[in-house]
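Given the coordinates of chain A, assemble chain B onto it according to the supplied hints.
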Amino acid sequence: MSLQTKSKSPAGADWTADQPIVSLCDVHKSYGSVEVLKGISLDVRKGEVICIIGPSGSGKSTLIRCINGLNDIQKGSIKVEGQEVNDPKLDLLTLRKKVGIVFQQYNLFPHKTALDNVMMAPVLVLKEPKKEVEERARALIAKVRLQGKENAYPGELSGGQQQRVAIARSLAMRPDVMLFDEVTAALDPETVKEVLLTIRELASEGMTCILVTHEMGFAREVADHVYFTDQGVIVEHGPPRQFFTKASDPRTRQFLSQIL
Amino acid sequence: MFQLIAPFFQDLYERTGLNFIVFYAPYEYDRFLSGIAISLQLIFWSIVASLLIGVFGAWAQSARSPVLRGLVGAYIQAFRNTPPMIQLLFFYFALGAFTPQVDMGGYYQPLISSFAWAIISLGIFGGAFNVEIFRSGLEAVPDSTREAAESLCMSKWQIYTYVTLPLAFRISLPALTNNLISLAKTTSLAYVISVPEVTYSLNQVWSDNINVPEMMLLLFLFYILVVSLLAAGLHFLERRLALPGYGQ
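Chains as they are written, first to last, in this note's numbering: chain A, 1 to 260; chain B, 1 to 248.
Bear in mind the hints are in silico, worked out from the structure with no lab data behind them.
A hint or two may mislead.
As the list claims (entries may be wrong) - BS3-like mimics (lysine-lysine), calculated; alpha carbons at most 30 Å apart, straight line:
1. A:K97 x A:K112
2. B:K156 x A:K98
3. B:K185 x A:K127
4. A:K97 x B:K185
5. A:K112 x B:K156
6. A:K89 x A:K131
7. A:K112 x A:K89
8. B:K156 x A:K75
9. A:K127 x A:K143
10. B:K156 x A:K89
11. A:K246 x A:K98
12. A:K97 x A:K246
13. A:K38 x A:K246
14. A:K149 x A:K130
15. B:K156 x A:K131
16. A:K130 x A:K38
17. A:K143 x A:K130
18. A:K112 x A:K127
19. A:K75 x A:K38
20. A:K46 x A:K89
21. A:K46 x A:K75
22. A:K97 x A:K46
23. A:K143 x A:K97
24. B:K156 x A:K130
Said to hold, decoys possible - To be clear about the criterion: a stretch of chain B counts as covered by chain A if any three or more of its residues have a C-beta under 8 Å from a C-beta of chain A, and this derived list gives those stretches:
25. 153-164
26. 169-181
C-beta: ideal position from N, C-alpha, C; glycine also.
One chain only, chain A, in its complex shape:
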């Protein structure tokens, strides 16, 4: 974790690559009277892989959804490449072009083939020529090891295959940051591996990744930094080696002892 860097311009014009690519400062979020995030601060640098772990209901998914504006926040600041997310004037589309998200339930478009799922947004949103997009989409599908499944509908694919199409679909928009919201939680152990392998490759290519996960082995191996959240606050964080062996907070230790 690096020091908080304040960007003066709300448009993020003076953001440079040596500053945190995602920066959360004292983020508060409530659903009605229930406060789920009670002052979360964290920084992610370009190319870093961050894992957020914690018991269910601790606000992990909410946190990650706030970063691309799917959930709004009541207080605090979230900046992506220096651009304030919690700004009513912000064009959400500009933000979301930078931030890709993959969901627990894949959420593919069931009426489109794998290839069309990947091609849809670049063609409709980025208005790129179909031929170019198709080339890129085929390459992405190959990258997630699904050659031959281009014309399969989501309903014909296994959970792990669908999740990999979902990753390819996000990558097709050429994001700078990828968010993964418990992407393996709905999968059986066999298919978890193939999805984690894909994410690991992405990480090794330098993609900035923020994961909410229960895969402790994965967090230990791939993450640059692990955050443990409970009841809306970050209880403890650190590099995985230190985090998994020398956790100091009793809550972290208890959680880890239950899970490991």
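Quick look at chain B alone, frame taken from chain A:
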């Protein structure tokens, strides 16, 4: 066609007394054909009108304005809870009395004919059900699917046309098929406001020739044929649009 079948039915009548006069007397044949043509037009346009009303109403029901939502709700209550025959009579006789008449050179004709009133009335009747059918389809599209499209930067309009509507339509189709079949059959009620559709024209034929059972049989066969074709078409569409593996 007529020349081909006329001798057979003439012969049939002379030998057995079964009087399918519409197949051997040119005047009755024309009456029958014109009845069929009007029935088919009535079915087609009523379905088109009911679909337009259904799509627009379902959209209006998800609108922010409580007034608009209230109006759509009241419309559905009014037209789902009253008999279609009463609606036809109401439109033609109650509202028809207030519509302007057009000078046709010596005599006056109402601006809206009984045929037009039947399409308006049946369209509104079928539309009330279609609104609810489309609404259930729209509501069955998971928020999370829309959210995925949203996080891929698609605009509201793109999400609606490329994701929500195609899925909602597929979900609605079986219920829509039921309602359109029901609407196609309900068009025979246009009889009560003297639209010369097939029920009305055959009624004239049997009044003139006292061959009620034969003409009734014909009427029956006509609806069986038309409605099964309509149902087959809609089922074909359903199969074409079915999503492999979806929902399993």
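Hints and how they fare:
For a cut-off of 30 Å, the pair hint linking K97 (chain A) to K112 (chain A) stands: about 21 Å separates their Cα positions. Distance check on the hinted pair: K156 (chain B) and K98 (chain A) sit about 19 Å apart at the alpha-carbon level, within 30 Å; holds. Restraint check: the Cα-Cα separation between K185 (chain B) and K127 (chain A) comes to about 47 Å, which exceeds 30 Å; the hinted pair is violated. Between K97 (chain A) and K185 (chain B) the alpha-carbon distance is near 52 Å, which puts this suggested pair outside the 30 Å criterion.
For the proposed pair K112 (chain A) and K156 (chain B), the alpha carbon gap of about 19 Å is at most 30 Å, so the pair holds. For the suggested pair K89 (chain A) and K131 (chain A), the alpha carbons sit about 35 Å apart, so the restraint of at most 30 Å is broken. Note on K112 (chain A) and K89 (chain A): the hinted pairing is violated, with a Cα-Cα distance of about 33 Å set against a maximum of 30 Å. For the proposed pair K156 (chain B) and K75 (chain A), the alpha carbon gap of about 27 Å is at most 30 Å, so the pair holds.
As the CA atoms of K127 (chain A) and K143 (chain A) are separated by approximately 23 Å, the hinted pair is consistent with the 30 Å bound. For a cut-off of 30 Å, the pair hint linking K156 (chain B) to K89 (chain A) stands: about 17 Å separates their Cα positions. For the given pair, K246 (chain A) sits about 35 Å from K98 (chain A) by alpha-carbon distance, which is inconsistent with the 30 Å threshold. The hinted pair formed by K97 (chain A) and K246 (chain A) fails the criterion: a straight-line CA distance of about 38 Å is larger than 30 Å.
A hinted pair counts as satisfied when its Cα atoms are at most 30 Å apart, and K38 (chain A) with K246 (chain A) qualifies at roughly 25 Å. Between the alpha carbons of K149 (chain A) and K130 (chain A) the distance comes to roughly 19 Å, so the proposed pair stays at or under 30 Å and holds. As the CA atoms of K156 (chain B) and K131 (chain A) are separated by approximately 25 Å, the hinted pair is consistent with the 30 Å bound. Distance hint between K130 (chain A) and K38 (chain A) is unfulfilled; the C-alpha atoms sit about 45 Å from each other, more than 30 Å.
Restraint check for K143 (chain A) and K130 (chain A): satisfied, since their Cα atoms lie roughly 19 Å apart, inside the 30 Å limit. For the suggested pair K112 (chain A) and K127 (chain A), the alpha carbons sit about 18 Å apart, so the restraint of at most 30 Å is met. Our distance criterion of 30 Å between C-alpha atoms is met by K75 (chain A) and K38 (chain A), whose separation comes to about 9 Å. Of the pairs offered as hints, the one joining K46 (chain A) and K89 (chain A) holds, with about 25 Å between alpha carbons and a cut-off of 30 Å not exceeded.
Only pairs whose Cα atoms come within 30 Å are accepted, and K46 (chain A) paired with K75 (chain A) is accepted, the gap being roughly 25 Å. A C-alpha spacing of about 16 Å is found between K97 (chain A) and K46 (chain A), which places the hinted pair at or below 30 Å, so the restraint holds. Of the pairs offered as hints, the one joining K143 (chain A) and K97 (chain A) holds, with about 21 Å between alpha carbons and a cut-off of 30 Å not exceeded. As the CA atoms of K156 (chain B) and K130 (chain A) are separated by approximately 22 Å, the hinted pair is consistent with the 30 Å bound.
A count of 6 residues in the segment 153-164 of chain B with a Cβ less than 8 Å from any Cβ of chain A is obtained; the coverage claim is therefore met, three being the minimum. Counting residues of the segment 169-181 of chain B whose CB lies closer than 8 Å to any CB of chain A gives 1, which falls below the minimum of 3, so the coverage claim is violated.
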